[in-house]
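Use the sequences and the hints to build the structure in full.
Number 149 in our numbering belongs to position 149 of the sequence shown; there are no gaps in the numbering.
These are calculated hints, taken from the structure and not from any lab test.
Accuracy of the hints is not assured; some may be wrong.
[Unchecked claim] As a list, the in silico EDC-like pairs of lysine to aspartate or glutamate whose alpha-carbon atoms are at most 20 angstroms apart: (1) K11 x D52; (2) K11 x D24; (3) K122 x E102; (4) K122 x E107.
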Amino acid sequence: GASADGGSCSKVRHQLTGGPAIRDIYSTASAFAAVMEDGSVLTWGNPLKGGDSAAVQSLLRAGGGVHQLCCSSVAFAARLVNGSVVTWGAASLGGDSQSVQEQLLGEVRLVFATDRAFSALKNDGSVVSWGDSRAGGNNSSVMDQLSEEVA
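Written as C-alpha cells, this is what we have:
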C-alpha cells in the first residue's frame with residue numbers, strides 16, 4: 001500500500017524490532033499503531049489520521065502506558081493503565097478530546113468507537129462521548145438514559 005497511508009513502517013522499523021515485543025497492532029483507514037509489551041505505542045502512516053503520536057507520547061508514559069487501544073477510521077483513543085484516556089488523529093473526528101478531557105482523566109473502564117467518534121464507559125456507569133456528533137460523538141439526547149447503571 002501507499003507508504004503515506006501506513007504501507008511502510010520503515011521509519012519505525014528499528015523500534016519495532018529492537019525494543020519491547022509487540023503486544024498488538026491496530027489501524028485506522030490510513031495509519032497503524034503498535035502497542036508494545038511495556039505499554040508504549042509506535043505509530044506510522046498518515047499523520048493526520050493517527051500515524052503520528054509524538055504530541056501525546058509524554059501523556060501515554062505519564063499514564064503508565066496503554067492498557068486498551070481503540071480506533072476509529074481516522075483517530076486512536078488509548079485507555080491508560082491509570083484509567084485516563086489520551087487521543088490523537090483527525091481532531092474533529094475523535095482525535096481531539098479536549099472538550100471532554102476532564103471527564104477522561106481517570107476511572108474509564110472501556111473505550112468504544114464508530115468510524116468518526118468515541119465513547120468511554122466510566123467505572124460509575126456514566127458514558128462520555130466525543131468526535132463527530134453525527135456519528136455518535138454527542139450523547140446529550142440520551143444522557144438521561146445513560147446516567148446510571150450502564151454495564
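(request) May I ask which of the numbered hints given earlier this structure violates, with the numbers listed in increasing order? (result) The structure breaks none of the hints.
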